[in-house]
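Q: Residues per chain are reported as follows:
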Amino acid sequence: MAGKMEPLMQSPMTPWPYRIQKVIRESHDTFSLNVVPKNSPDSMTFNPGQFNMLYAFGVGEVPISISGPQPGGKGMIHTIRDVGIVTGALHKLKKDQTIGLRGPFGSAWPIEESKGYDIVIMAGGIGLAPLRPALYALLDQRDKFGEIVLLYGVRKPEDLLFTKEFETWRGKYGVQVKMTVDTADREWRGNVGVVNTLVQRANFDPMNTVAMICGPEVMMRFAVSELKRREVPEDQIFITMERNMKCAVGFCGHCQFGPAFICKDGPIFRYDKVKQFFGIREI
Amino acid sequence: MKSLESILANHPFFKGLEPEYLALITGCASNVKFEAGQFIYRQDEEANSFYIIREGKVALEVCPPGKKPITVQTVSDGEILGWAWLIPPYHWQFDAQAVELTRAIVLDGRCLRTKCGEDHTLGYELLSRLLPVVGQTMEATRLQLLDIYGNND
Amino acid sequence: MNKSVTIDREGLNQLISVLNGMGFQVVGPTVRDEAIVYEKLESIKDLPEGFTDEQDGGVYRLKKRKDKSLFGYAVGPHSWKKFLHPPERRLWQADGEGGDFEIKPEKLDATKFAFIGVRSCEMHAIAIQDKVFINDKFVDPVYQVRRENAFFVAVNCGQAGGTCFCVSMNTGPKVEAGFDLALTEILDNDRHYFVVEVGSEQGEACMEQVTHKLAQNEEVTLAEKVVKETAGQMGRTLDTTHIKELLYENLEHPRWDDIAERCLSCANCTMVCPTCFCSTVEDVTDITGTHAERWQKWDSCFTMDFTYLHGGEVRASTKSRYRQWLTHKLASWQDQFGSSGCVGCGRCITWCPPAIDFTEEIPKIRDSETQTLKTS
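Residue numbers (the numbering used here), protein chains in the order written: chain C, 1 to 283; chain E, 284 to 436; chain D, 437 to 812.
By construction, these hints were calculated from the structure, which means they are not laboratory data. Small disclaimer: the values here were computed from a predicted structure and weren't measured. Hints may contain errors.
What the hints assert, rightly or not - Just so you have them, the derived chain C footprint on chain D, three or more residues with Cβ under 8 Å:
no. : segment
1   : 533 to 545
2   : 576 to 582
3   : 703 to 715
Idealized CB from N, CA, C, for every residue including glycine.
Starting from the given sequences, assemble the full structure and let the hints guide the process.
A: Below is the structure:
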């Protein structure tokens with residue numbers, strides 16, 4: 001016997017066809033695909049921090065966070081690092097070719113909730129991609145926020161992404177953009193060291209700051225402890241979690257992290273809500 | 284022009300230090316300026332200076348034979364440079380080169396060591412400020428070692 | 437209809453044909469490979485007449501009974517999830533060439549199943565999977581349509597199995613909700629009949645086509661007695677007091693290492709569990725590369741690549757996998773879906789080759805906590 005149920009819909013496991021309207025080379029191993037739905041001219045809406053499942057024909061599917069466009073822009077941009085079979089296949093695609101897409105999925109950065117606060121954005125490596133739409137949203141209402149700080153760390157200078165935009169962020173919007181690399185040669189005139197060393201160099205009011213962090217889990221652990229050292233409250237720190245993901249809709253069970261499903265409860269979590277499990281080995 | 288003592292008093296490293304100790308330390312201090320590209324010290328040279336960076340940026344470098352110099356860390360405004368003056372045999376472990384115009388206050392290492400030896404409370408004050416910096420640097424170094432952004436991070 | 441009715445063996449047989457006639461694929465318990473499994477039923481002849489089962493940690497054995505009961509056993513290795521959440525299914529196909537392709541969604545397989553002999557723990561297990569596939573943020577249409585179409589002939593257990601603990605989990609042995617018809621099998625001297633409780637309009641319509649009598653008071657009383665006796669025979673018990681907190685606070689307990697020494701990471705527990713729902717997907721292509729398919733298959737948190745991330749496993753050790761499974765089942769499930777993920781059916785104990793029994797393991801963790809409290 002069955003109770004009352006909602007009417008049937010298309011399976012959330014079936015991708016929709018999207019057309020690649022632009023391929024952008026971001027760095028030696030990273031590229032962006034801007035895609036639009038094939039069957040309708042409308043751009044889909046998404047919240048900063050959400051991700052899509054991208055399907056390369058005959059190869060497979062991967063979760064990729066949405067990295068743009070700016071508010072009012074067309075399509076959805078996905079910034080992808082070519083590290084595996086599927087991302088490699090996506091890298092080979094050209095303008096006007098087709099990909100499968102499911103989404104947008106997942107939680108978003110707390111933009112509205114952070115009005116009136118200073119914002120510290122910390123990104124490690126490709127972690128800047130899901131934070132870029134957050135920056136766009138913050139800068140779209142620049143006067144609603146206090147200091148905006150971007151602390152960005154990568155392995156080597158050639159891994160830096162979106163650097164062309166940094167000048168606009170600095171100059172037009174007064175964002176404190178600070179970058180650092182793990183190692184560099186003489187050509188590099190910037191900072192060398194891990195990203196959390198930048199925290200003490202940034203100007204913000206810790207008690208009145210919302211921090212948004214995305215990067216490798218180990219980097220985030222140290223970033224959180226650095227922010228806590230400066231007395232940013234735990235419930236004002238937001239982190240992103242990553243786990244194996246197959247379905248993105250809470251069916252497959254792969255992405256569980258303690259009681260959370262990364263796909264539908266995350267990927268963005270308020271730190272104090274997951275800290276019980278954060279850093280536990282093999283959780 | 285600001286006095287050396289007030290510059291030191293306002294530097295994050297010496298924040299909150301008792302005025303009497305500040306005066307003692309100022310006795311070992313002098314102003315220095317390094318142009319971009321200028322070496323501040325070289326590996327294995329005798330280490331007798333403790334640099335309090337006011338503004339600018341300094342790269343700590345290693346240069347393996349046959350390779351370009353590798354920068355392992357940079358220090359900048361509000362930070363400090365060098366603690367080899369405190370630990371025997373008082374030799375620098377890296378090359379330090381100014382990346383940009385850098386202004387600093389240099390404290391004479393021998394002078395500091397003597398004063399710390401005479402007044403252990405001053406020594407304790409200095410060490411309890413220096414140790415967190417050393418600890419953070421070690422933590423940062425460990426993270427760099429992990430190469431967390433690598434392909435298989 | 438509140439009143440119970442009775443049917444005899446022939447009535448049950450009629451019920452199967454009535455359901456067949458209504459377009460249901462009737463499935464239920466039958467004996468295959470020395471176990472009771474759930475498969476297609478043609479008539480009551482397919483039911484495991486006169487069989488019972490002996491169950492214990494790592495032990496499952498069919499035995500003959502002295503009577504001709506049709507439901508005189510506990511649950512076997514199968515559960516109804518294999519019909520509602522199929523072990524393997526194609527999700528969609530795609531055809532294309534030269535950078536362009538089209539996706540063909542899979543036609544909805546809306547098979548109408550009639551489940552015969554669903555136990556109370558299993559009704560609860562289905563309600564638990566409903567929360568995963570229908571009542572959460574996203575809906576699995578295949579599960580939804582099959583669930584919506586299904587007809588439930590539940591059975592109140594007349595005897596508990598050696599690894600049963602539904603009483604501890606508050607999931608049985610009496611079927612309380614969600615059924616179309618609920619049977620209690622009665623073997624009273626020479627009389628063999630079923631007291632039938634009707635739970636839905638469809639159940640009532642169905643019973644109209646089956647020869648039945650109004651149940652006498654003593655028959656209803658006898659049925660109640662049967663279930664009550666079953667409740668007193670539980671092979672296992674589990675104290676679930678603050679079990680979520682207990683497990684969350686003991687993620688690094690040495691007992692996990694002890695269990696890991698015995699656990700084979702074989703995934704049996706997850707395959708037989710009626711609530712475990714994890715799946716994976718596989719992409720396949722034909723040799724020309726112009727046709728691709730995506731398949732969904734049951735997966736288990738005990739498998740090698742379940743947590744694969746950036747070239748490694750997040751849960752590489754057996755210890756972490758077992759901990760994940762049990763902590764999910766008993767603790768995080770509560771946070772995720774508002775109830776325990778365990779219904780006390782005992783399958784994971786019975787089908788565990790090294791006989792790991794969490795109703796023994798949980799007290800070990802609990803006792804050490806109590807001792808710590810005493811000594812501190």
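Q: Please go over all the hints and tell whether each is borne out by the structure.
A: How the hints compare with the structure:
With 8 residues having a Cβ less than 8 Å from any Cβ of chain C, the segment 533 to 545 of chain D passes the three-residue criterion, so the hint holds. Note: the segment 576 to 582 of chain D has 5 residues with beta-carbon separation from chain C under 8 Å; the three-residue rule is met and the coverage holds. With 3 residues carrying a beta carbon less than 8 Å from a beta carbon of chain C, the segment 703 to 715 of chain D meets the three-residue requirement, and the given coverage holds.
In summary, this structure violates none of the numbered hints.
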